[in-house]
Structure formats: structure tokens, C-alpha cells
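Participant: The residues making up each chain are set out below.
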Amino acid sequence: MKYASRIYLCLIFGILYIPIVTLILFSFNATNSTAEFTGFSLQWYIELFRSEETWHALRNTLLLAVLSSLLATVIGTAAAEGIYKMKNKLLKSAINAVTNIPMMNPDIVTGMSMMLFFAAVMGIFKIADYNTIGFPAMLIAHTTFCLPYVILSVLPRINELGNSLSEAALDLGCTPFQAFFKVKLPNIMPGVLSGLVMAFTLSLDDFVISYFVGPTNFQTLPLLIYSMTKKKVTPDMYALSTIIIVTVFLLLIISNLRSSKEERSQRRKRKGGGAK
Amino acid sequence: MNSIAAAPHVFWAILFIVLPLFIVVYYAFVDSSGNFSFENITALKDYAPIFGLSVELSVIATAVCLIIGYPLAYIMARAKPKNQKLFVMLLMLPMWTNLLIRTYSIMAILDDGGFLNTLLNTSFHIVGTKGAVIFGMVYDFLPYMVLPIYTCISKIDKHMWEAAQDLGCNTVTTLTKVILPLSMSGIISGVTMVLVPSISTFYISQKLGGGTFELIGDTIERQFVTGALNVGAAISLVMMILILISLTVMNRFGNGDEGGIIV
Numbered sequence: 000m001k002y003a004s005r006i007y008l009c010l011i012f013g014i015l016y017i018p019i020v021t022l023i024l025f026s027f028n029a030t031n032s033t034a035e036f037t038g039f040s041l042q043w044y045i046e047l048f049r050s051e052e053t054w055h056a057l058r059n060t061l062l063l064a065v066l067s068s069l070l071a072t073v074i075g076t077a078a079a080e081g082i083y084k085m086k087n088k089l090l091k092s093a094i095n096a097v098t099n100i101p102m103m104n105p106d107i108v109t110g111m112s113m114m115l116f117f118a119a120v121m122g123i124f125k126i127a128d129y130n131t132i133g134f135p136a137m138l139i140a141h142t143t144f145c146l147p148y149v150i151l152s153v154l155p156r157i158n159e160l161g162n163s164l165s166e167a168a169l170d171l172g173c174t175p176f177q178a179f180f181k182v183k184l185p186n187i188m189p190g191v192l193s194g195l196v197m198a199f200t201l202s203l204d205d206f207v208i209s210y211f212v213g214p215t216n217f218q219t220l221p222l223l224i225y226s227m228t229k230k231k232v233t234p235d236m237y238a239l240s241t242i243i244i245v246t247v248f249l250l251l252i253i254s255n256l257r258s259s260k261e262e263r264s265q266r267r268k269r270k271g272g273g274a275k
Numbered sequence: 000m001n002s003i004a005a006a007p008h009v010f011w012a013i014l015f016i017v018l019p020l021f022i023v024v025y026y027a028f029v030d031s032s033g034n035f036s037f038e039n040i041t042a043l044k045d046y047a048p049i050f051g052l053s054v055e056l057s058v059i060a061t062a063v064c065l066i067i068g069y070p071l072a073y074i075m076a077r078a079k080p081k082n083q084k085l086f087v088m089l090l091m092l093p094m095w096t097n098l099l100i101r102t103y104s105i106m107a108i109l110d111d112g113g114f115l116n117t118l119l120n121t122s123f124h125i126v127g128t129k130g131a132v133i134f135g136m137v138y139d140f141l142p143y144m145v146l147p148i149y150t151c152i153s154k155i156d157k158h159m160w161e162a163a164q165d166l167g168c169n170t171v172t173t174l175t176k177v178i179l180p181l182s183m184s185g186i187i188s189g190v191t192m193v194l195v196p197s198i199s200t201f202y203i204s205q206k207l208g209g210g211t212f213e214l215i216g217d218t219i220e221r222q223f224v225t226g227a228l229n230v231g232a233a234i235s236l237v238m239m240i241l242i243l244i245s246l247t248v249m250n251r252f253g254n255g256d257e258g259g260i261i262v
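Order-wise, the sequence lines are chains A and B. FYI, in numbering that gives the first Met the number 0 the residues of the first sequence are 0 to 275. FYI, in numbering that gives the first Met the number 0 the residues of the second sequence are 0 to 262.
Read the hints as simulated data drawn from the structure, not as lab findings. Since the structure is predicted, the reported quantities are computational estimates derived from the model, not experimental observations. Just to be clear, a hint being listed does not mean it is correct.
Claimed, not checked - Heads up, simulated DSS-like pairs for lysine-lysine below, C-alpha to C-alpha not over 25 Å straight-line:
| no. | chain 1 | residue 1 | chain 2 | residue 2 |
| --- | --- | --- | --- | --- |
| 1 | B | Lys-81 | B | Lys-154 |
| 2 | B | Lys-84 | A | Lys-1 |
| 3 | A | Lys-229 | B | Lys-129 |
| 4 | A | Lys-260 | B | Lys-79 |
| 5 | A | Lys-84 | A | Lys-181 |
| 6 | B | Lys-44 | B | Lys-129 |
| 7 | B | Lys-84 | A | Lys-260 |
| 8 | A | Lys-183 | A | Lys-86 |
| 9 | B | Lys-84 | B | Lys-154 |
| 10 | B | Lys-176 | B | Lys-154 |
| 11 | B | Lys-81 | A | Lys-1 |
| 12 | B | Lys-176 | A | Lys-1 |
| 13 | B | Lys-79 | B | Lys-157 |
| 14 | A | Lys-1 | B | Lys-154 |
| 15 | B | Lys-157 | A | Lys-1 |
| 16 | A | Lys-1 | B | Lys-79 |
| 17 | A | Lys-260 | B | Lys-81 |
| 18 | A | Lys-260 | B | Lys-154 |
| 19 | A | Lys-230 | B | Lys-129 |
Extracted from the complex, chain B is given alone in its bound form (with noise of 0.2 Å):
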């Protein structure tokens, strides 16, 4: 076996991947019958302040993301082994389990006459509210950004934590300047595994915004629903580039070094 091996893999990107993108390209800059026109890029700036919510949002909950599951990783990567397991285990059956399904479920708690204000017999209004959709991306993209975090501390060779307070370092210090710089790569791929569905996303602002905001996905589906989809590959094409951007800027900053796990 040589090389020509990769030739099926070949064939099947460049018919499957790389045409379907050319031909987004391509609807983005025709109009609806066909002639080259830049009518579908002007009409972008329509929708500058959906992409700069789904940008506030995502960026938002991605925050919240890192700072809940910072620690959390932290802990369970210095528990027990066994202990490890079992919370690796236990992260991963939410994650398991089909988004719709944790959406909905969230939506059902929430509600206006739902779970938690039968329960409590009050009337909170979250479902409907910026806050509900970002709990929602927190909740249902908490474990990506936790998961690369553990594996990549969890790999850390335990002689750096006595070195380090060898070396006169106290805890906290020791998390700064030796654990957090070493986690680099774990949190710069769970901040992208976070980021890219949150920024993305129709159903969680559809269920948990109640109908009162659009976000940039819910636009693409709009458009995907509607039939108008040069202006909906206009839109693919702009968030296509500005996730490739960023996620470029990102691997700089990192050093290139897989650290995450995906599953």
C-alpha cells in the first residue's frame, strides 16, 4: 500500500467538501436567476446587528464556559483515578445525549408556566430573555469546554506541581504560572469547541429565546426555510470566514500542540 491509497479520500473531499463550498461561493454572488450580481453582500449589512448579538452571545457563554469549567477540569484532573472515571463518565452522558433533547428539557424547567414555577408557584419570566439563551449555551456546551481542559492538565506531569513549590511557589502560583500556561492548548481547543456551535446555533435561541430574537443561525435556517438561499449562502460564507479567521489566530496562539480530546 502506498499513497494511492488516499486517492478515495481525495476524490470524496474535493467532490464533497471543497465543490459544495465553491458552490456557496457561487449562490452568494448570483442573484435568484442566475446572474452574477453583489446584491447578497450589500444586503449583509441588514443583518450586522444579528451577527454582533450571536457574536455577544457566544463570546458570553464561551466567558461563562471557561470560568465554570476551568476549575471543574482542575478538580477532577487532581481527584483519585477511579474518581476520574467516573466523572469523565459523568460529563460525558449529557454530552451524549442528543442537544434537542437537553434544549427542550431546559425550556420545559423554565418556562413561563413550567417545571420550576409550578414547582416554586412563582412566575419568573427567563424563557424569552438573552439570559436563558446563554444558560442554554453554557449548559449544553459546558462539557467540550471541560473535557480537553481535564485531558490536557491531567497530563501534566505531577514532579511540576512539587517543583514548582519546591521553587517556592505557593498554590496560587503555582496555578498561574506553571498549570495555566501548560493548559494552554486544552483551553484554546475547548474555547473553539465552545464558540463554533454557540455562535451557530437555531434550535437553543428558537426553544429558549421564545421567539423574540433571531440569532445569525436562525437566520441561515430562515432563509434555508423560505427557499432564499443566496442571501442564506451569503451569510454561510461570511460566518465560514470570519470562524476560519478566528480559529487561525487562535492555533497562534496556542503552540500547535493537540491538546484536546473529541468525542
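Next comes chain A alone, as it looks inside the complex (with noise of 0.2 Å):
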């Protein structure tokens, strides 16, 4: 039984990874086919750091990622304390069921529905060039699928929080304001920082509601690398998409190996607090 499952295990993690193994592969062939392997060169790579594409589009996507996460983490917290707070039951259930559309909804339904939306608001304002109104309707579109995910870590903390440590600020003389950004914020910072950090990754990877909502002149990586791979051969995309594992693959050993280093430091403090 425990080999048995060891082989699956490796039979499943070998499909995951065999496509990425290949891809990293042929990002340093020397010639332009992706099927077969004739010698070692980094010359996709020169390409692609020569062309100026690239360095825009990973400047949009940083740029846009950046502030439409910081955006939708101060909407998205000032929301997660005032649903908590919210007394009719009714007005508090609807609000959580129009939150969560853009996370049930298939991408797609999103991405028509916002284009719709920023077509009307042309139309109402007459405006004649999708591209005057495209970075902030990109910025709308991507705080608004991000806002649901930055709620939904931020609430449980502050559920599982409670009041009474807020009332005890305001009893001993803290306006509401320093109550909140002096007690209860740093509290509940972990939740805000995950969604943070949630809001930025969902932002960076998004590709189809950036295709429908995209005007031509914000290119982001993800619709850089739609547009490459219309072509037929394209072993640049590959050298991009190399830097864009290996980017993501140490972010997350750091953010593991950071975790785990908390955890040890948390166990210690518990052992010597005594038992909880």
C-alpha cells in the first residue's frame, strides 16, 4: 500500500511537471523548434530582454498589480469591519451574496459584463477612444475581481477577534478612528496582508478578463504571452515564461520557508508561555 501510493503519487507529480520541464528545456534551444532539442543557447533570452514589449508589459502588469491590490485591500478591509459590524441581517447576507459574484461567475461572464459596462460608459460620456479611459477601466476591472478574495480572509479575523477588545480602547479613551487603526487593524493585519498578497497573484495572472476589458495600448504579460502564442513557433514565450516559473517558484519557497520559520518561533513561545 505505501508503495503503491508513493508510485502514484510520482506518476501525478511527473504529468504535472513534465510540461513545465519541457518548456524550460526548450527556452534555451538553440534553434527555433520546439520539438526538437539541438544545443544550448540563450539567445531567446537576449531576444527578449532586447525587445521593448516586454519591459512594458511587465511594467503595466507590476503597475496595475500594485495598485489595484493595494485598492481592493483598503476597500476590501474597511468592508470586512463594516459587514461585521452591520446589524440588519438582511442588508449584511445580500451584501455577501453580490460579493461573491465575481468569484462564482466563470471569468468570462465578468470580463463580457465589465467591457459592456465600460462600452456604456463611452457611449454616456462620448468618449471616442477606448484607449483615454483604458488603464482605469483595467484598474476597475481587476480591484473589483480582487475585492472578494481580500473580504473573505480579512472577515474571519475579525470575526474571530471579536469586540471586545475594541471596546475596551474606546472605554479607555480612544476615539472610534484610533480604535480601529490603533487596536484593531494591527490584530487582524495577517488577514489584511494575505489578501493582500492574494489580490496581487490573482492580478498578475489574469488573462481573461484583461483580454475583454484590455485596451490596446496597456499590454500586461499575460496578454503578451496570448499574443506570442498566436504565432506559430515561439520559443520567446517560452524564455518568458521560464522567468515567470522561476520568479514564481522562489516566491514561494521564501514565503514557505518564512511560514515555517514563524511556526518553530510560535511553538517556542507557546512551550515557554506555558500551555495555552
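If you follow the hints, you should be able to join the two separate chains into one complex; please do so.
Facilitator: Here you go:
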């Protein structure tokens, strides 16, 4: 049984990684074939780094991801606090239901609805060129699909923390604002941060919604990859993908190391502080 | 801070979530010059075979993901804690790699003149078949099935196993009578997380379908590219309604417990 499960794990993970490994291998290919490996070369990377398009797309992607994740985190954290404080049960569940729509809807429907919305905005304000509202439209779209994930990661923390701590702060003379920023926020910070990270990665990775909403003058990396894969032979796309995969891999390792370190120090603390 | 803190979000949600959906409904019920009509809705019956094919392929892919993913999640959850972390990380790396990249590299491997055929010196015709599209869906979305189930199984109290064995269950009955029911919420969120993206995909079918057949996502995308937005909106509307109904039904099945993790 033990062996069977080990073989099974190897098999599944093997299949899962074969395409990724082949892709990395062929990004170093000397010719532009993605079927036959003829020799090692870095030419595709050099070509990639020389292309201005790549750098523009990278800058756009990062800019969009940073802004939309920050915006989503601010609005989402405030929303989580507001939803927690809400007395009206009906209103509360209505807000939760609406918030979850972009998470449950297929991306293609969200993308389509956003695109039609911005088309309507253009009609109302008599804007002729979509590129003039292209960036704000992308920012709004990305913030919108990130919001539910932020709320989903902050709200449980707020529920868990309860109300007594901020009540104590209020009793001790804090204004409601101070009570939130000085007492509550630091306590729910892990939830806020994980919401931020999630929003950031979702924005980085998004293709479908950007495809529908994106203007021609604001290309992101996934959109660039899409246009590269329209061509027949694409080792430059392989090089770009390899760089992205390696970056993701490093980030995963770092975050894993950090969390295991945190866990260890927490365990030590718990031991030192007696039984919990 | 009181409930007013939710105001920006409520404003945002009404303006950018609810209103766009109403615009989809509006577009679905007008013709291209803006007059009220049912022609987009009646035109939908031409797309019934495409709907059928999309449902067929995505249901098969979801079932395959469940059959492959459940044992994997089970094995992962029963491994040593240190190994569990490694496995979760190994599963997350492909998940965090952009879907376009993963799909494209499968295509490059399986293509008629691709890596596999060159390596083996054969001429398998894989890309362009239903099987290739299903394989692509399974490959791309398998982690979404495994992770929620894994989280669910690993949360089950270890004493449950012992209690079941003490009360006379063997390995198989422990699995079917104890572990499976307790991991139901993980299965449900896994199924949702695989079914929704696979039924609406257009990239996977574009690349692995080899342009030979069209799924519902491709149809919407084509309407978008060609500017036939009204029909596109009508198809989106139907798809949204179908998915919301199936999600509600599935949530009734589950105990409403949040079993899944979303990354």
C-alpha cells in the first residue's frame, strides 16, 4: 500500500511537471523548434530582454497589480469591518451575496459584463477612443475581481477577534478611529496581508478579464503571452514563461520558509509561555 | 468605525458588479440598433449543440479530476507533516503558473509534429480530439480539485480513524463511511472550482482543440471579437444562470461549511 501510494504520487506529479520542464528545456534551444532540442543557447532570452514590448508589459503588469491590490485591500478591509458591525441580517447577506458574484461567475462572463459596462460609459460620456479610459477601466476591473478575496480573508479574522478589544480601547479613551487603527488593525493584519498578496497574484495572473477589458495601449504580461502564442513558433514565449515560473518558484520557497520559521518561533513561544 | 465603513464597497459593488450584469441582461434583450427584441434569445437554440458539448467535456473533466484527485489528496493528507508541506508546494507551483503557459506547453508536446512524436518518432494525432481538450482541462485544473479536498481531509480529527477501526470498520469502510462523508464539503468546492473554469474556457479548446470544434467560451469570445455583442451577452446570461443554479444546488448538498481554500 505504501509503495502503491508512492508510485501514484510520483506518477501524478510527474505528469504535472513534464510540460513545465519541457518548456524550460526548450527555452534554451539553439533553434526555434519546440519539438527537437538541437543545442544550448541563450539567444531567446537575449531577444526577450532586447524587446521593448516585454519591458512595457512587465511594467504595466506590476503597476496594475500593485495599484489594484492596494485599492482592493483598503476597500475590502473597511468593508469587512463594516459587514461585521452590520446589525441588519438581511442587508448583510445581500452584501455577501453580491460580493461573491465575481468569485462564482466564470471569468468570461465577468469580462464580458465589464466590457459592456465600459462601452456604455463611453457612450454616455461621449468618449470616442477607448484607450483614453483604458487604464482606469483595467484598474477598476482588477480591483473588482480582487475585492471578494480580500474580504474573504479579512472577515474571518475580524469575527475571530470579536468586539471586546476595541470596546476596551473605547473605554480607555480612544476615538472610534484610533480604536480601529491602533487596536483592531494590528490584530487583523495577517488576514489583511494575505488578502493583499492574494489580490496581487490574482491580478498578475489574470488573462481572461484583461483580454475583454484591456485597451490596445496597455498590454500586460498574460496578454503579451497570448499574442505570442498566436504565432506558430514561440521560443521567446518559452523564455518569458521560464522567467515567470522561476520567479513564482522562488517566491513560493521564500514564503514557505518564512511561514515555517514563524511556526517554529510560535511553537517555542507557546512552550515558554506554558500551556495555551 | 461602524457599518458605514462598508459604504465604499457597497457603492463599488453596485456600480461595478451589479450594474454591469444588468447591462448584460439589457444587451441580451435588445437588437443591434437598441430595440427590444427576443431574437438573441431565440438565436440561442442554434448554439444548443455547443452548450451540450461544453457541458459534456467539462463534466467528464471534472469527474476525471475527482477520480484522480481524491486519492492524491488522501495520500497527501496522510503523509508526514513535513512531506505534506512539500506536496502542497509542488501542487501550487503549476497552479501559479499562468494557464496560457501550461496549456501552450501541453500543445507543443502533444502536437502532430510536437515533442512527443519527435521523441518517439511516431505520428499520434492527439491535438484536435476531444480527449486532448479533456486532458488539458484536467491538467490545468487538477490542483483546484486536490487542494480543497486535501484541506478538508487533513482537518478531520485523527481519532476518527481510530474510532472507526475500533468500531469494526476496515480500511475500505472507514474510507467510505467516515472519511468520504466528512470530506464532502471539500469535494463540493473542488468540483465547483474545476467545473466553472472548464465549462467557460476558450483558450484550452482553441489550442488543444486545434480549431476543429468550438466550446461555449469560444463562441462568446468570437462574438466579442466580431462585435456581435448582443448574442454574446445572451449566451453569457444563459451560462451565468446555469452556473448559479448548479452552484446553489451543490451548496444545498454540502453542509454549508467552508471546506475549501482559495489561492
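Participant: Work down the list of hints and note, for each, if the structure agrees.
Facilitator: Quick rundown of the hints versus the structure:
no., hint, in the structure
1, B:Lys-81 to B:Lys-154, "holds (16 Å)"
2, B:Lys-84 to A:Lys-1, "holds (19 Å)"
3, A:Lys-229 to B:Lys-129, "holds (21 Å)"
4, A:Lys-260 to B:Lys-79, "holds (18 Å)"
5, A:Lys-84 to A:Lys-181, "holds (18 Å)"
6, B:Lys-44 to B:Lys-129, "holds (23 Å)"
7, B:Lys-84 to A:Lys-260, "holds (13 Å)"
8, A:Lys-183 to A:Lys-86, "holds (19 Å)"
9, B:Lys-84 to B:Lys-154, "holds (14 Å)"
10, B:Lys-176 to B:Lys-154, "holds (17 Å)"
11, B:Lys-81 to A:Lys-1, "holds (17 Å)"
12, B:Lys-176 to A:Lys-1, "holds (22 Å)"
13, B:Lys-79 to B:Lys-157, "holds (13 Å)"
14, A:Lys-1 to B:Lys-154, "holds (22 Å)"
15, B:Lys-157 to A:Lys-1, "holds (19 Å)"
16, A:Lys-1 to B:Lys-79, "holds (13 Å)"
17, A:Lys-260 to B:Lys-81, "holds (13 Å)"
18, A:Lys-260 to B:Lys-154, "holds (22 Å)"
19, A:Lys-230 to B:Lys-129, "holds (23 Å)"
The structure is consistent with each of the numbered hints, conforming to all of them.
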